[in-house]
Amino acid sequence: MAVLELEGDTAAVSPVRQSGRRLGGLFVAALLWIVLIGLAAILANVLPIVSPTDMDFLGKRAPPSAAHLLGTDQLGRDMLSRLIYGARISLTVGLLSPVIGLVIGGALGMLAGYFGGRFEALTVGGVDVLLAFPPLVFALAVTAYLGQSALNITLVIGVLSIPAFTRVARAVTLSLAQREFVVAAQTLGATHMRILLRELLPNVALPLMAFFLLAVAVTIVVEGALSFLGLGVPPPAPSWGSMIGEGRESLDIAPWLAFLPAGFMFVTVLAFNVIGDTLRALTDPRPGAL
Amino acid sequence: MARFVGRKLLHLLPVLLAVTLLTFLIASLLPGDLAYTILGDQATPEKVAALRAQMGLDLPIWQRYLHWLWDVLQGDFGRSFRTGETVLAAVADRLPVSIELMLMAEGLGLLIGIPLAILCAVRSGGAVDRFLTGLAFGKLSLPSFMVAILLIYLFAVTLGWLPATGWVPFTEDPIGNLRSFVLPALTLAFAEWPVLMRVLRSDMIATLQEDYIAMAKAKGLHPARILLVHALKPSSLTLVTVTGINIGRLIGGALIVETIFALPGIGRLLVGAIYARDFIILQGVVLFVAIGFVLVNFVVDMLYAVLDPRIRHGRA
Amino acid sequence: MTKGARLLVLAAAAAMFAAGPAMAQKQGGTLTVGLELDIPGFDPLKVGVYDTSANIAASLILETLVGLDENGKAKPKLALSWSSSDDFRTWTFKLRPDVKFHDGTPFNAEAVKWNFDRQKDPKNNCRCAFYIANLLSVDAPDDLTVIYHLKDPAVNFPVLLTRPDQNSSIHSPAAIQAKGDDYNRNPIGTGPFIVKSWTAGDRMVLERNPSYWNKGYPHLDRVVLRPLPDSQSRFASLKAGETDIVWADEFEADNIVRAQKDPTLQVLSYAGSGAAVNAINTKVPPLDDVRVRQALVMALDRKKISQALTNGLARPATNPYGDGSWVKCKDDGALPEDPAKAAALIKEYGKPVSFKMLFTATPRGRANGQVLQQLWKNVGANMEIEQVDQATFPPRAFQRKFDIIGWRIVDFPDPDVQMYANFHTGSPVALANYSNPELDKLLEHARVTPDEAKRTEDYCAISRIINQEAIWFWTFQNTYYAVAKAKVKGVPKLFGGVINVSDAWLE
Chain L
302 MAVLELEGDT AAVSPVRQSG RRLGGLFVAA LLWIVLIGLA AILANVLPIV
352 SPTDMDFLGK RAPPSAAHLL GTDQLGRDML SRLIYGARIS LTVGLLSPVI
402 GLVIGGALGM LAGYFGGRFE ALTVGGVDVL LAFPPLVFAL AVTAYLGQSA
452 LNITLVIGVL SIPAFTRVAR AVTLSLAQRE FVVAAQTLGA THMRILLREL
502 LPNVALPLMA FFLLAVAVTI VVEGALSFLG LGVPPPAPSW GSMIGEGRES
552 LDIAPWLAFL PAGFMFVTVL AFNVIGDTLR ALTDPRPGAL
Chain W
4 MARFVGRKLL HLLPVLLAVT LLTFLIASLL PGDLAYTILG DQATPEKVAA
54 LRAQMGLDLP IWQRYLHWLW DVLQGDFGRS FRTGETVLAA VADRLPVSIE
104 LMLMAEGLGL LIGIPLAILC AVRSGGAVDR FLTGLAFGKL SLPSFMVAIL
154 LIYLFAVTLG WLPATGWVPF TEDPIGNLRS FVLPALTLAF AEWPVLMRVL
204 RSDMIATLQE DYIAMAKAKG LHPARILLVH ALKPSSLTLV TVTGINIGRL
254 IGGALIVETI FALPGIGRLL VGAIYARDFI ILQGVVLFVA IGFVLVNFVV
304 DMLYAVLDPR IRHGRA
Chain H
590 MTKGARLLVL AAAAAMFAAG PAMAQKQGGT LTVGLELDIP GFDPLKVGVY
640 DTSANIAASL ILETLVGLDE NGKAKPKLAL SWSSSDDFRT WTFKLRPDVK
690 FHDGTPFNAE AVKWNFDRQK DPKNNCRCAF YIANLLSVDA PDDLTVIYHL
740 KDPAVNFPVL LTRPDQNSSI HSPAAIQAKG DDYNRNPIGT GPFIVKSWTA
790 GDRMVLERNP SYWNKGYPHL DRVVLRPLPD SQSRFASLKA GETDIVWADE
840 FEADNIVRAQ KDPTLQVLSY AGSGAAVNAI NTKVPPLDDV RVRQALVMAL
890 DRKKISQALT NGLARPATNP YGDGSWVKCK DDGALPEDPA KAAALIKEYG
940 KPVSFKMLFT ATPRGRANGQ VLQQLWKNVG ANMEIEQVDQ ATFPPRAFQR
990 KFDIIGWRIV DFPDPDVQMY ANFHTGSPVA LANYSNPELD KLLEHARVTP
1040 DEAKRTEDYC AISRIINQEA IWFWTFQNTY YAVAKAKVKG VPKLFGGVIN
1090 VSDAWLE
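Protein chains in written order, with this note's numbering: chain L, 302 to 591; chain W, 4 to 319; chain H, 590 to 1096.
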């Protein structure tokens, strides 16, 4: 049966390197999009686009026109402009938050999985506490005390993502820690640091990176959900997630209000994924997948 | 093995204490003095002071926490100042709803995600893989509050197959109960399956390149057996981890889904308590959710050992 | 047919016709109501204030002494008649005899007094006590006579008792004493429906009261109340047939328009008095300068705001009374909508104008906030949106911890209560921190004058002062909506925003 033919497997996996030209096309497209959206986000202020907050009260939910290339939203604001300014917030929060989780959580998880004992018990316990703690209370407390801003939201989501990264890193490390190459390194007298960095980290990095790319997508949407609850980036600053939330009310009259930001998000996240896939294929001799 | 299990169980208590203490601390620091909220316009400084004394709010935080803890150990979880309901009654009414939703959602998510992941892993790099990857990320880009309303309009309003809102107790009408959970569970499952599928696919592709898989192939084992028995188990670590996290999170309720589908779950109870500064309910709910959560973690840790024998035996 | 049978038929026919208008209504059936919010409970001591959802439920389970007829005038309910002293400070009500609470205990003057005393008792710290601040005491000289003693005269006192709220609804004293803390979720009243079951967050099932004092009512066998917080799924549940009538408001303009075009649905709307309002804290710079305040008010273009937020359904307001009130002003002193002049005033003020405004952390609150923010930005004022949850509003209001805050003057048969509370010096809800002896005098005078024309003059003068000083401003008049299946009949005007289905029937 075709699905279970493992023979075809090895051949099916190597297209990653074989059809270099085909994947190359996709890779270039992905790279172009990321560069484009990144530049647009950074240069938003100087681009010849309308203000994202100016409202054309009588022209709400307008279809695309010369004045508004992608139409207007439910308060009459230019969609294209809001999508570009929204990229700023969404990309910043979407990328930085998981980085916090990745770095802190990944490190903690690896150390816990490797050293075990008291340290592991404490780390796992601490992470459990953070996971069991109602995230909304945390978000409310932070925004109440530090105010609402993109930075604070990044912190909140970042901290809340640490446990997941810790657990994933720990799980992978646990299974690797007894492997031959680690045992061998230990026998040879390698220091813990060396083992961690040289032997374990490269192997743990793969599943963690896969998780990271997923986390980027999830974070952009979580920011939107938090904005929905009034805890995200303060209005009128747009973000893709909050635009999706606002567009929800007009789904049957003007579905593009929600689907445009969702589409931008989809393409961006997919692009990151393609780039990640390709880079990994070029740097890692062992065929894996992201 | 027994030591392993015992050690994991000992884990429960400190985590529970820490979670409830942390909640107590942070909740107490939330703006919006409870006494002012209760007294409203009646709030003269004298009355506020009197009410605070009466409710024990003027005691130091650690003392209040210990009082609460002492009451809890005697089985008294307190009453909501707003509704007069006991915490136990409030939680007992809603926890089954959230648990049933969680089980169905995660179950559906795995049901969709696992076969798709295997398919992608086996055909990795091919057209099917790329299509499903695109689909997964596309689905992630649609938040639950959008999917929910789309499902409602399709299945409830247009087709009339399933109820748009509400919930029927299982004891009253089992079929109706399951029907009322389909759309909410689907909404959540749709948000879960992309993540589950991607992590399993990723780990599985890596596993399929391992030597022992090649050896199994060389031994002439049936491909299905290789996939499902030899490859799936050790690839499931991240999947189990993520599932565990999701289940734990879902025990705490799925606020948006519960609100849209009008399900009386833990999420709405929790958020309502936070917004009303109803601390007794908040503490009680957090406690029960934390218990459930730690138990789930315990099961997940056990599963690690089952899935990968090296974990079970390799550690002192 | 035998003679006996013919007589029987004739008698039956006669009985049918004698029943009169009741023939048009059909008996029986279950009506499901979609509410906006879940109801925390009914004990005034616990919940303090009933919100609209609680009012809707209370209108079915509990009753007030006085009801409202089709024209918004007082009609007998639990009280048959009433009279007052010459100074309008003492009001005597004669109660309806032979009325029982759902638990069988008798409804009488003692019960009314007991309810009042409990709310008023300072030891109970009831947040509801604020709303009966003007009532000094209640006497019950005999079973069917209740005497209210007021602090300040109230010419329209009976209509103030018509709203099914925390103060006017009469609970069974025996039940409260027996159940204590549990009474909150197990209310006992005299109303046409009895609470059969109540699953928190899910639904409340009410059954017909077989011993209801008004024979022939209610028509329905059962009413199910379901809190459906999400507006889109609430409307979807109506279309899917899970609910028969749902609460709506003008922010759901798309759904209302859709319902108007749908022959299987009907839209009930009531242009009430009052308005959506905003209070400016006049003690906080830069809002302490009247030019800044006036500029903010003149910068508003209500038609455009209405178009943006409610597809034009919201009706602009220029005074706190609205078209639905008997107070009609020729000149209410409203400032003109003139952004150019507003910008000039801001410039004249000279210093930068920057302040915060409180909004609920909901999509509606945010939309509202962003629109106002934009309009004020256009004239040079910088407003920062502060999102808080609904529960934080009252404490922030009472403690005056705000620059500008949204509030509401709800539809009520008489403007006195709210106007006095909101603007008289010393009142806890005089949110603007503004004191004006002339304004106080007008408010006091309006209370005691029985002549409606003179009162109208007073209220219009009050409106002129408030508008010119720009201490509060009004955006839109209150329009209350309910959307229902076409078969739902017998729902009166949505007075106070309450959907009263106690007399409803299903076609």
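By construction, these hints were calculated from the structure, which means they are not laboratory data. Predicted model, so just to flag it, every value in this text is computed and none were measured. Where a beta carbon is used, it is the ideal one built from N, C-alpha and C, also for glycine. Mixed in with the good hints there might be a few duds.
Subject to a maximum C-alpha distance of 20 Å in a straight line, what follows is the list of computed EDC-like cross-link-like pairs (lysine to aspartate or glutamate) [as the list claims (entries may be wrong)]:
(1) K892/H <-> D553/L
(2) K712/H <-> E49/W
(3) K1082/H <-> D838/H
(4) K785/H <-> E175/W
(5) K709/H <-> E175/W
A few chain L positions that, by computed beta-carbon distances, are all more than 10 Å from chain W [stated by the list, open to error]:
(6) F328
(7) A341
(8) V351
(9) L447
(10) P464
(11) T488
(12) N574
Residues of chain L clear of chain W, computed beta-carbon distances all greater than 12 Å [to be verified]:
(13) L332
(14) V336
(15) L452
(16) A472
(17) Q479
(18) I496
K1082/H paired with D838/H [C-alpha distance capped at 20 Å]: holds (15 Å)
Is the claim that V351/L lies outside the interface with chain W correct, judged by CB distances over 10 Å? Its Cβ never comes within 10 Å of chain W, the nearest being 25 Å, so this holds.
Regarding the pair K892/H and D553/L, is the alpha-carbon distance no greater than 20 Å? Measuring from Cα to Cα gives roughly 25 Å; hence the hint is violated.
Non-interface claim for T488/L, where every Cβ of chain W lies beyond 10 Å: holds (15 Å)
The output says I496/L does not contact chain W. Does that hold with a beta carbon cutoff of 12 Å? Non-interface label stands for I496/L: nearest chain W Cβ at 15 Å, farther than 12 Å.
Hey, does F328/L actually stay past 10 Å from chain W on C-beta? Correct as stated: the minimum Cβ-Cβ distance to chain W is 13 Å, above 10 Å.
For K709/H and E175/W, compute the direct alpha-carbon distance and say whether it is at most 20 Å. With a Cα-Cα distance of about 43 Å, the restraint between K709/H and E175/W is violated, given a limit of 20 Å.
Should the label of L332/L as a non-interface residue stand, given a Cβ cut-off of 12 Å to chain W? holds (17 Å)
K785/H paired with E175/W [C-alpha distance capped at 20 Å]: holds (16 Å)
Run the C-beta distances from N574/L to all of chain W and say if the shortest one exceeds 10 Å. Non-interface label fails for N574/L: nearest chain W Cβ at 7 Å, not farther than 10 Å.
Taking the minimum C-beta separation from V336/L to chain W, is that value above 12 Å? holds (19 Å)
Test the statement that A341/L is away from the interface with chain W: the closest C-beta pair must be farther apart than 10 Å. Holds, because the least Cβ-Cβ distance between A341/L and chain W comes to about 19 Å, which exceeds 10 Å.
In summary, the numbered hints that this structure violates are 1, 5, 10, 12, 16 and 17.
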